[in-house]
Amino acid sequence: MELEDEEVKEIMAKNTELVNESNPENVEDRFLYQKNLVEVYKKLAKILINELSKK
Amino acid sequence: MKKEIDDAVEKISIWPFKIRLARIKKKGMLGVKEVFFESQPPDLKKLKKDVIIFDDCIASTVSIEALLDLIKEWSLAQGVSSKELKIWIAAAAATQRGIERLLYLAKEKYGFGNMKIIDGVLVFRMNSDFYLVDAENPTKYIVGDMGDWTEKLPEGFNDEAPWNKFRE
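Taken in order, these protein sequences are the chains called A and B.
Per the working numbering, the first sequence starts with residue 1, numbered consecutively.
Per the working numbering, the second sequence starts with residue 1, numbered consecutively.
Pulled out of the complex, with its shape left as it was, chain B reads as follows:
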């Protein structure tokens, strides 16, 4: 696995970024109020036009749409046609509705050349707070609040959880 990753990394450019979104919920609707982008935009030409996004969860899609809006803006600013961009999204969990919406927007709104979504588990229902729930038993959560569950662990876990060292 390590060799496969090393070989793949040779072929792509990795660009870690930091983004925070201020979301707003009003009258049962969810939206993004503000986007705080805390990194330099990537050079899309250097990314060889394959943009790979790892996301924990695609639920309402408002967060990932905010990121796709930014990618579209950068492509315009950098003179890269959005048709040349291939967007890859990998998510641990996603709703069918979210996937279908993103695939629709990829073509109709953003004009990306292609979009592929690789999803860990497909979910068919959200509750009124936009949490993923079991379609037949809506009191049962599928992934819970991923923000809370992925919160940094105490430092005593660093040896067992090496990813914890890089968390803020």
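So that you can see chain A by itself, here it is in the shape it has in the complex:
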């Protein structure tokens, strides 16, 4: 296991805040949650691409 990515951790912390203070029926907050998740997936994809390029 490697160290966690600080930026990803920060984005995920925003979603943790949302799920504890709101609910998914609030569409504005659901949008924010998904927007954050998309950012996380982009960063994970970038890490993955770097790993694949090492092959």
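Restraint ranges, calculated between C-beta atoms of paired labels, are given here:
no., chain 1, residue 1, chain 2, residue 2, range
1, B, Asn158, A, Glu39, 14 to 20 angstroms
2, B, Lys25, A, Glu10, 31 to 37 angstroms
3, A, Ala13, B, Phe54, 18 to 24 angstroms
4, A, Lys35, B, Gly111, 35 to 41 angstroms
5, B, Arg97, A, Leu52, 24 to 30 angstroms
6, A, Glu17, B, Lys152, 20 to 26 angstroms
7, B, Ser39, A, Glu39, 25 to 31 angstroms
8, B, Asn158, A, Asn26, 17 to 23 angstroms
9, A, Glu39, B, Ala77, 35 to 41 angstroms
10, A, Asn20, B, Lys45, 42 to 48 angstroms
11, B, Lys72, A, Leu52, 21 to 27 angstroms
12, B, Lys152, A, Lys14, 18 to 24 angstroms
13, B, Lys72, A, Lys35, 31 to 37 angstroms
No wet-lab data here; the hints were simulated from the structure.
Because the structure is a prediction, the values reported are computed rather than measured.
Ideal Cβ placement from N, Cα and C applies to all residues, glycine included.
Got chain A sorted already, so can you dock chain B onto it with the hints?
For chain B alone, kept in the frame of chain A given last:
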């Protein structure tokens, strides 16, 4: 970033798929009752033996294990040795227990050549409903119910949320 993605996509084959799982919870245990696979299995040889899975969350691992079971079945049916397969899993959140279990199963059950897991946030505790919670404060959720939170948005969000157009 776009160029990097385009270059990487040149080297890999993308195979979108649709899978639904009927999960069952009994006496505090969680399992997969049925798997509804709604796509054609991929040609593993065409995937160049690198199988990349994006998952929102690895909690109990029952869902991803059901998918890994299918990959193992396909490899047998297609004459591809599971030893030749390298499995990459990217998840927004995962439990330490889940990651350790998958790495163990990759070798001991599935016999994959390799497995790498790229995780957004590492979590150390689940509650009795298998939700990820803060290890020190189990009333605090880490990602909530990702199924509910990633539910399709109203169409009015399509411009701000382009991914919404592809949701059912």
